[in-house]
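Enquirer: When you get a sec, could you build the whole thing from the sequences and use the hints?
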Amino acid sequence: MSALFSIPFERLSGVIQLSYKCSIFSAMKENSPNAPVIDFDTPALRMHRKIRSYKDKVAEVGVGVGGISVIVAILLIFLYLMYEVVPLFKSASVEPVAEYQVPATSVRPDDAKTLYLATEEQGEVAIRLTSVGEVVFFNAADGQVVDRVQLNLPEGVEVTSVQPEGPASTLMAVGLSNGNLLIIRDRYRITYPGNERLITPRIEYPYGEEPIVISEAGQAITKVALSDAEESLILSAVTADKKAYMVQFVKEESLFGDEVTLTRNEITLPVVEGNLHSILISPDQQWAYLASEKGTIDVLDLREKDEPKLNARLKVTEQNSAIGDVTFQLGGISVLVGDQKGHLSQWFLVRDEQNEWALKKIRSFDHDGTPISLIIPEHRRKGFLMMDAKGELGIYSTTAHRTMLTEKLLDQQPAVAAISPRADLLIVQRQDGVIQTFEVHNEHPEVSWKALWDKVWYESYEEPEYTWQSSASTNDFEPKFSLMPLAFGTLKAAFYAMIVATPLAICGAVFTAYFMAPAMRRKVKPIIELMEALPTVILGFLAGLFLAPFVEGNLPGIFALLLLLPIGMVAFGFAWAQMPDKVRHAIPDGWQAALLIPVVLLVSWFALGMSSHLEIVMFDGDMRTWLSNDLGIPFDQRNALVVGLAMGFAVIPTIFSITEDAIFAVPKHLSYGSLALGATPWQTLTRVVLPTASPGIFSAVMIGMGRAVGETMIVLMATGNTPIMDANIFEGMRTLAANIAVEVPESEVGSSHYRILFLAAFVLFMFTFVVNTIAEMVRQRLRKKYGAL
Amino acid sequence: MRESFGSWARSGSPWVWLNAGAVAISVVMVIGLLVLIAARGLGHFWPASIMEAEVRSGDTTYHLVGEKVEVVSVPVEQVQSAGIELQSDKETVERYLIKTGNRDVYGSDFRWVLEPFVQEITYPENLIAVERREWGNFYGYLLALKEKGETVAVQAAGENSIWPEFEQRIERALNIHEEIYQIEKHDIGRINYTIERLRLKQRRLELDGKDSLSAIAEIDAERAVLNAEYEVLQKQLADLYVEANRDSFVAKAMNGSEIEVSLSKVVRAYQPNRMGVMEKMGFYGAKLWEFLSDEPREANTEGGIFPAIFGTVMMVILMSILVTPFGVIAAVYLREYAKQGFVTRMIRIAVNNLAGVPSIVYGVFGLGFFVYFLGGHVDEMFFPEALPAPTFGTPGLMWASLTLALLTVPVVIVATEEGLARIPRSVREGSLALGATKAETLWRVVLPMASPAMMTGVILAVARAAGEVAPLMLVGVVKLAPSLPLDGNYPFIHLDQKFMHLGFHIYDVGFQSPNVEAARPLVYATALLLVIVIALLNLSAIAIRNHLREKYKSLEM
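These protein sequence lines are chains W and C, in that order.
According to numbering that gives the first Met the number 0, the first sequence is numbered sequentially starting from 0.
According to numbering that gives the first Met the number 0, the second sequence is numbered sequentially starting from 0.
There's no promise every hint is true.
[As the list claims (entries may be wrong)] Straight-line Cα separation of at most 27 Å, DSSO-like style, residue types lysine-lysine; simulated pairs:
hint : chain 1 : residue 1 : chain 2 : residue 2
1    : C       : 338       : W       : 56
2    : W       : 250       : W       : 314
3    : W       : 783       : C       : 279
4    : W       : 54        : C       : 234
5    : W       : 293       : W       : 360
6    : W       : 783       : W       : 524
7    : W       : 49        : C       : 478
8    : W       : 242       : W       : 293
9    : C       : 286       : C       : 437
10   : W       : 49        : C       : 338
11   : W       : 89        : W       : 112
12   : W       : 293       : W       : 89
13   : W       : 314       : W       : 340
14   : W       : 524       : W       : 667
15   : C       : 478       : C       : 184
16   : C       : 437       : W       : 56
17   : W       : 784       : C       : 279
18   : C       : 145       : C       : 67
19   : C       : 338       : W       : 54
20   : C       : 234       : C       : 147
21   : W       : 250       : W       : 293
22   : C       : 67        : C       : 234
23   : C       : 234       : C       : 251
24   : W       : 293       : W       : 389
No lab work stands behind these hints: they were computed from the structure.
Since the structure is predicted, the reported quantities are computational estimates derived from the model, not experimental observations.
Expert: Put into structure tokens, the structure is as follows:
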């Protein structure tokens, strides 16, 4: 490649200038001045060329990397939304952690049976309450004893039964062999000596250390239950002689609120049949459920404490099976039943139209037929764990009706089991006295496809419903994550917006592209562009603060306007056609729109001006009350009509511009041909131009729809944001987008709620993306078609 | 009749007219909206006359002093059904919304009165309007001036003799207020900021295990110096506060009660009924300037919106710094380097569609990915000393700019690509034939020619970003930022700070404010400003495009 270039001087003026710059003139001097030879191979030039090609490479790589990274960044949105959403649909998993001998009691370790097992908040320290009346606190990780506490029991008395108040409560009733009963509570104090967490457990007696006498006969208590409410404490017990007792203690605070006196009140229970499996008293102390071993539940109405009524006796197991386990779900509303044939079901009281309550089976989970031996409700969520006689574990979520996991954990029947309050540690004592612990990963049980998109029967609801209610003040709240009301609201808002926007935008675009004089077109197009650029926050604010009260005050006027505007325009058009030529020809063709502006103003002024007269004549002076009283249509000030108008305004320019482009791009010779054949301009438009441009118009509507669906600020400001499912134009809605804007800042990062909001964003993203892609493909095909024409 | 209606209708003309009507309606809607915003927004600064009247409704009679803000007409039946006794043979009556001010006396700023009940309307020249730092405006008659609790000047309700002295004393109080503001905001703000940095520095040293005694001592010494400075300033402030609270005035409100207000609480006082047109125009200018240059007062319902303007501008500038190179590089890659085919076509469609993805989705992405994911990691790596308080792991200016950059990057890509596509092949080939490399061709020939398109893209991106609110609500905008994101404290630009934004200001003041009625005019004014900014940006996009197109016209073949 290294060669001297010998080029005639005259033909090289451009190159020489270049070489001048590079000061490589030396080569020329040696040759004759007429035919200078330039040496392009000096070290400097070679260097220069190298740098240039290096720069070229760098640019290529840089642009490549930059370009691809931007495109990747765009892809990242999709992937990241997926990444946040996917954990919602993952099932649970369980890993074994430790296995150790049960931590022994200090007295009679061989006689001590575990009656109750639980862990504190962190899942570090576990508690074991034994039949000998000793409480053993031990380290859940290795079984090391942390502390031993002997309950205050009389000599020779044993603990015969234990029952906590509910899944999330630490208060428990301890039934004794002498017919007495103790109420205790486990407490944990957390300190940080030397920056390390130290948990100190203790036992408290909130109602005194003196046992409460239940059975005067001194029969051992085999089953206990308690419910502790603001005003009263209810205890219930079954003794060895198969007698059931229920006692209420009414609390009365002393004058200074520092002392509570309890007044004892016996409640006589209706006759109880058979062997009771357990007693459940609802936290509101209005109902009690007595479950018999045979598989029936007696529902007791305790609303009148003096006279409890039997509401119903129901068979709650299937195929005449006996009961495996019965317990309350978190909140004490639902009763969870597992039977000896492996069926699990959820029941709660439902009120019917006659205001009568009935216990109903809400949903059931089928297990493989192995008898259910334990049901362990979660402490923070509406879900439970189940262990069957063969040692298999099942994790279920009731709201979502989802089986999170079934896995064989043990090869024998479990004796006692507990889940930590955070639902991340399962602790099981086997029949042979070995404790096994398992780590549970179950992050988002409350979400399932059914819970998101189907009707769900929530606790205390009369029937299955679509409801969005993501948070409430109480801890035992059942979150209601149905996306249906939001999706419905989104489509409702988009629908009304499209009703306003589509005719206006398409008609306007048709006129602008096909009939309008070029001079006027040049003025109209920037106005439409400006309309597109208007921030939606301004439209939303005007809709909420100006339009909503305006529409409310001039409701008849608005509807009159709908009717009068087209009539006025046609009438003016006809009148214009009757004008003498001199007047008609003063304004050239294609300026009709300008002529109509005063007409529009005049008609609007007239329609709105007579609004109050109309209201007085037709609606007794107030259309709003007329609507709600006479027609039974509820009216919100910020309603779908306002949203439709405001969002319609936002969508018009989008549809307008694309439609206008599509119509304008229809080859002129088509319409000329049609006109030449004698068709009127309108016939040409409807028979030739519009059919040709219709895919373009379709894509315009699709893109407009995409914009209406995703619009946030207008809906946020112009509606009341209540997630209702009602197509009524005079009521509001809550859309997916507005819901995200309202709730994301308040949701806890990584929680189910947070991820569901991401799912909502993902749904929006996919919806608009798909709609826009279809529209774009249609448009490209159209472009190709025009090319062929 | 030149033509029967039937034949006219058959020709399709009614449809043509209806189509024309759609254009007319759209145009009327746009213009009407702009006029509405402009009228309401600009009208707010004009000093309205204060009216005084007697209101007799039923048996009760009271005195009314205030500005007439709004007039609406309501059907008589509606009024009667609301339980108000009103004899009228007309169908409708007018209802006035009167801004009575004096929220401290009456509990609310506004009240509605029916026109037939308002009698003996007068506009006394001696009525004064006082804008205060709290409790809103005061309307009434000036009675006396006090200094340290002692009355120094008195006048009867009908006189105006002490007005000049009143103005003078307000002037003095305002000067003192300005001094206090300087000290509190700037000097003490700087000291607090430096002390916080020292704390972080010390914590950092502890974390790194370098907290030797000497280093700690050094920090303690610095802190002592700052604390000493702070003490001095604190003393100065105390003195200034005493000075500022020296004067007060006594005035009579419309219900006859006399109230005393410290002059340190007064922003301005004026007598609108006495003002001539020129004076009113001067006042108007001052108010307008206050609106543009001052900070908000009274939960954003009064004062100015300067921090919101500043925040918007900062965010938009940062965003365009981010979006321009990336957008242009992506477009150049797609058009000049990537192999054209199915994949590029798909990418192009995808990029195009991203412009149509709802902005809230970008907001959610920004919050999840930028703020919690990236921000969380940045904090762990670079700002462990501040943890658990997040530095970048919380919404802020940088994440907002980045989110909006992502949102607007499709706009820039599409516009730039369009510009690149318009450049004829021959120009590129000419450059390459002359021996230029591809990069040189791109840099010297193609990009300059495509610059108008790039410019348009960036301006459109800026216009979109300036008006976007939904994503910002999630990634960094707040209703009231304690300080501007750009100030005299190192490192001067605070990318981690939250900021105020015009669009969010509109949403917040219009919908979250406790006193929406009082805030409404300000919201209109803010909306007007935003519309003007965005309209100007869009117009300038068009103008620049045309100008540059003209400049490179000779190149286009």
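Enquirer: Decide, hint by hint, whether the structure agrees.
Expert: Going through the hints against the structure:
no., hint, verdict
1, C:338 <-> W:56, "holds, 17 Å"
2, W:250 <-> W:314, "violated, 36 Å"
3, W:783 <-> C:279, "violated, 63 Å"
4, W:54 <-> C:234, "violated, 63 Å"
5, W:293 <-> W:360, "holds, 18 Å"
6, W:783 <-> W:524, "holds, 25 Å"
7, W:49 <-> C:478, "violated, 56 Å"
8, W:242 <-> W:293, "holds, 17 Å"
9, C:286 <-> C:437, "violated, 57 Å"
10, W:49 <-> C:338, "holds, 26 Å"
11, W:89 <-> W:112, "violated, 38 Å"
12, W:293 <-> W:89, "violated, 37 Å"
13, W:314 <-> W:340, "holds, 14 Å"
14, W:524 <-> W:667, "holds, 20 Å"
15, C:478 <-> C:184, "holds, 19 Å"
16, C:437 <-> W:56, "holds, 9 Å"
17, W:784 <-> C:279, "violated, 64 Å"
18, C:145 <-> C:67, "violated, 31 Å"
19, C:338 <-> W:54, "holds, 21 Å"
20, C:234 <-> C:147, "holds, 20 Å"
21, W:250 <-> W:293, "violated, 36 Å"
22, C:67 <-> C:234, "violated, 45 Å"
23, C:234 <-> C:251, "violated, 36 Å"
24, W:293 <-> W:389, "holds, 21 Å"
In summary, the structure is inconsistent with hints 2, 3, 4, 7, 9, 11, 12, 17, 18, 21, 22 and 23 from the numbered list given earlier, while agreeing with the others.
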